[in-house]
Amino acid sequence: MKKGFTLAEMIVALGVFSVAITIALAGFVNILDMQKRADAIRTAYDSLDFVMEIMSREIRTGTEYCISSFQGPCSPSFFHFTPASNSGENTAAYRINNNRIEIAVMPKLQSIQASDWIAFTPLEVKINNLKFKVTGNSLNDSIQPMVTIIIQAEATVKQGANVQLNLQTTVTQREIDS
Amino acid sequence: MNKISKKTGFSLLEVMVALSLLVITISSTMALIANSFNVVTEAKNKIIARYLAQEAIEYVRKVRDDQAYENKWLKNPLTIGADIGVDVYDNVVGDIKPCGSMNQCILTYDSLTGKYSHDNSFPNTIFTRKININEIQSNIEAIVTVTMLWQHKGTAKSFILTEHIFNYKIIP
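Chains as they are written, first to last, in my numbering: chain V, 1 to 178; chain Y, 1001 to 1172.
This is chain V alone, in the form it adopts within the complex (with noise of 0.2 Å):
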């Protein structure tokens, strides 16, 4: 006789019904979270992974470690060294700076400006250390010129807490030394 169903029938299928859509939805957004986050790190490592590339292919085909006068001495934060590009002609630098890699490249007899700095990674990744240390490069010493470099970063992410990613390498000049 009756169609439909009663209040008390509704009340209940539609608790049900949330209580469930709740938990599914809760876990779909735990899903979505998870995915940004992955997906942020994973650029961050990129990032990462492609300027220490840059930095140690440069370093190793390069010459001229810490040498030129007109940059004075390198730091350990602070390295500068000759490109093999453009003949030779150039000065190359990097550093560290308000937690980005900065790199500078300029004609070999001119000293950097501050507008000469470019940021090398991006505000994603924040680099806590950048190391050089550089052994055997003084001219005519029979030591081949070599550079470690160290950088500690991590990578700052929304959905969670921060990533380590902590590298280390170490590249030798290619050229070989007097």
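Because the hints were derived from the structure by calculation, they are not lab data. Here the structure is a predicted model, which is why all the values come from computation and not from measurement. There could be a bad hint or two in this list.
What the hints assert, rightly or not - Here are the simulated DSS-like pairs of lysine-lysine, each with C-alpha atoms no more than 25 Å apart in a straight line: (1) 36(V) x 1046(Y); (2) 1130(Y) x 126(V); (3) 1046(Y) x 133(V); (4) 133(V) x 1153(Y); (5) 1046(Y) x 1075(Y); (6) 1046(Y) x 131(V); (7) 36(V) x 1153(Y).
Guided by the hints, dock chain Y onto chain V, whose structure is given.
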């Protein structure tokens, strides 16, 4: 009241099937996402391992070049044919030693300076780095193999880098 049984509705079986379908869908999505997260962590380990392996190769090249200045070849100070380790950052001459005296070639990490080494006053990392040098032609050519080993979620992972190096001072 016994009309209730004649109402159309879902049987227990239907509900069970529907629910289990839902559970399978959600849980498999979850597993997929968790897996992609694992892949990201694994990518991180691979990046670190690759640079550390390259570092060891570069160090052997440097020793080769240093020796060449004096018209010598690798054999002293490098051990041929055994697993050896090196503290590149500290870079003391003759610092390439068998794994036995190099913290079993397990790398440690100093979070203050950021250096990876075999110095066992710092905590161990998950990485082990072994260098192996084999001469192919005596005093002319050697093959350098760097093996990186680490554990990720209970699975052994490895990364191997090899390079042939030549003695450019001695012409056969």
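Here's how the hints hold up against the structure:
Under the criterion of a C-alpha separation no larger than 25 Å, the hint pairing residue 36(V) with residue 1046(Y) is consistent with the structure, at around 21 Å. Straight-line distance between C-alpha atoms of residue 1130(Y) and residue 126(V) comes to about 31 Å, which puts the hinted pair past the 25 Å bound. Under the criterion of a C-alpha separation no larger than 25 Å, the hint pairing residue 1046(Y) with residue 133(V) is consistent with the structure, at around 23 Å. Distance check on the hinted pair: residue 133(V) and residue 1153(Y) sit about 34 Å apart at the alpha-carbon level, beyond 25 Å; violated.
A distance of roughly 31 Å separates the Cα atoms of residue 1046(Y) and residue 1075(Y); the hinted pair therefore is violated under the 25 Å criterion. For a cut-off of 25 Å, the pair hint linking residue 1046(Y) to residue 131(V) stands: about 21 Å separates their Cα positions. For the given pair, residue 36(V) sits about 22 Å from residue 1153(Y) by alpha-carbon distance, which is consistent with the 25 Å threshold.
Of the numbered hints stated above, those contradicted by the structure are hints 2, 4 and 5, listed in ascending order.
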